[in-house]
Amino acid sequence: GAVVSQHPSRVICKSGTSVKIECRSLDFQATTMFWYRQFPKQSLMLMATSNEGSKATYEQGVEKDKFLINHASLTLSTLTVTSAHPEDSSFYICSARLSSGKGNEQFFGPGTRLTVL
Amino acid sequence: DAKTTQPPSMDCAEGRAANLPCNHSTISGNEYVYWYRQIHSQGPQYIIHGLKNNETNEMASLIITEDRKSSTLILPHATLRDTAVYYCIVTAGGTSYGKLTFGQGTILTVHP
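Sequences listed follow chains A and B, in order. Each residue of the first sequence is one higher than the last, beginning at 221 in the numbering used here. Each residue of the second sequence is one higher than the last, beginning at 327 in the numbering used here.
Some hints could be false.
[Claimed, not checked] Negatives, chain B to chain A, calculated, CB over 12 Å:
1. Cys338
2. Arg342
3. Asn345
4. Pro347
5. Ser351
6. Ser367
7. His375
8. Glu392
9. Pro402
10. His403
11. Gly431
12. His437
[As the list claims (entries may be wrong)] Here's a subset of chain B near chain A, in silico, CB distances under 8 Å, partners left out:
13. Ala343
14. Asn356
15. Tyr360
16. Gln368
17. Gly369
18. Gln371
19. Tyr372
20. Lys425
21. Leu426
22. Phe428
23. Gly429
Rather than coming from a laboratory, the hints here were simulated on the basis of the structure. Nothing here was measured: the structure is a model prediction, and the numbers come from that model. For each residue, glycine too, the CB sits at the ideal point set by N, CA and C.
Pulled out of the complex, with its shape left as it was, chain B reads as follows (with noise of 0.2 Å):
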């Protein structure tokens, strides 16, 4: 699986779109680009995903490049509870088999 680079942390104020970057210049053809967040001492929340196309769900939205090789997640609106550390992954999709490899992801914090 190709590997992300995320930044370690950020920060964004409650009501502001938070806008989380996510590189993945190694990414290959049939690789999906997944986003799960972890408040803390819960298990993992499954955000958003997507190939090649812009997704959007009622979490929040996913721009991916035009070469795949990164992409942002969008929260809207961010509120409170958005605060967590999210984790951007790019694993095989589709009916194959793929992992999922969880790096040091980016810890949110939204302040009020």
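Okay, chain A solo, but in the shape it has when bound (with noise of 0.2 Å):
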């Protein structure tokens, strides 16, 4: 099946910081990816969607300016959290879309853990 990498898998960082995640579609190409953040016990939240050559689509309520998305091949999207704070602590989740003639079903990566003291 199609696989999608994520790096790092896990950070931890300091207040104020950035910090860069990357989301690779390993054996196919992707002109959508999907960035997703996860709370404890929440389920998965869209916070934007990545398109390859063009500006990401934020969902209501997701910071633009802080939560910087590229997606500068077909096989690399990166989210950027500018300025971290505590509460940006969380599970931060990619997928890449395959298109399919049956459906446009979505591929997702292991996942980065984010932890900001």
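Now that you have both chains on their own, put them together as the hints suggest.
So, in structure tokens, the structure goes:
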């Protein structure tokens, strides 16, 4: 099946620093990738949709200047959490959409656990 | 996207079939039914999806009622590794853009 990787898997940073998370589709090209956030004991929440070569589309309530998304190639999207604060601590998960004739299923990365001290 | 309703939790004995129901009474004609699962502290895993016909793959079977207002995901021989949160999601498929809106899902616990 389609494989999506994320790096790093876990990161701890100090408050006020920026953290970059990479999402790669390893064996397919993805024109569209998605970024989700999941707090403990809650479901995934879509943050933004990342389209290769264009600006990301953010969901309501998600600050685009705080969560910078870049989708420079068909296999790589990055999420940068700028000036991170403890409330940004969460599990960040990306997915890549594989367009096929039957549908557009998404394949998810393993997630990145961010802890802001 | 149409809303879905799932039971919050279910139990199943190892080796038996696990049947997970989902109601989606407001589904529209161009919307697909997708199933994903999430094992603790991992990213969700795609299981199966369908439009109106029943579907089967190596992981599971998806049974969609004729009126498309509900569906059932069937894991034919559940194992301990199938313990996870299962999400039923309805969204536009085909070549249309379709966001995935995750609800609370069903926590499936498979017992020895």
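**Request:** Check the non-interface label on glutamate 392(B): least C-beta distance to chain A beyond 12 Å or not.
**Result:** Glutamate 392(B) clear of chain A: closest Cβ-Cβ about 20 Å, beyond 12 Å.
With a cut-off of 8 Å, does the beta carbon of alanine 343(B) approach a beta carbon of chain A closely enough for the hint to hold? violated, 23 Å
A cut-off of 12 Å on Cβ-Cβ distance, and histidine 375(B) was said to be off the interface with chain A. Does that hold?
Violated: least Cβ distance 5 Å, not greater than 12 Å.
| query | Beyond 12 Å from every Cβ of chain A: is that where the Cβ of arginine 342(B) lies? | reply | holds, 26 Å
Quick check on phenylalanine 428(B) please, does its C-beta sit within 8 Å of some C-beta on chain A?
holds, 4 Å
_Beyond 12 Å from each Cβ of chain A, as asserted for serine 367(B)_ = Violated: least Cβ distance 7 Å, not greater than 12 Å.
| said: So, as I understand it, the hint says glutamine 368(B) touches chain A; can you test that by seeing if any CB pair is closer than 8 Å? | reply: Holds, about 6 Å.
* Asked: Per the stated criterion, does the least C-beta distance between glycine 431(B) and chain A lie above 12 Å, as a non-interface residue requires?
  -> Violated: least Cβ distance 7 Å, not greater than 12 Å.
**Message:** Given a cut of 8 Å on the nearest C-beta pair, is the interface hint for glycine 369(B) held or broken against chain A?
**Reply:** Since chain A brings a Cβ to about 4 Å from glycine 369(B), closer than 8 Å, the hint holds.
Query raised in the report: When the nearest CB of chain A is found for asparagine 356(B), is that gap smaller than 8 Å?
Result: Given a least distance of 11 Å, the restraint on asparagine 356(B) is violated.
(message) Just want to verify: histidine 437(B) was marked as not at the interface with chain A; is every Cβ pair farther apart than 12 Å?
(response) holds, 22 Å
Original post:
Can we confirm that no CB of chain A comes within 12 Å of the CB of cysteine 338(B)?
Top reply: The claim stands: cysteine 338(B) keeps its Cβ more than 12 Å from every Cβ of chain A (closest is about 21 Å).
The structure shown violates the earlier hints numbered 6, 7, 11, 13 and 14.
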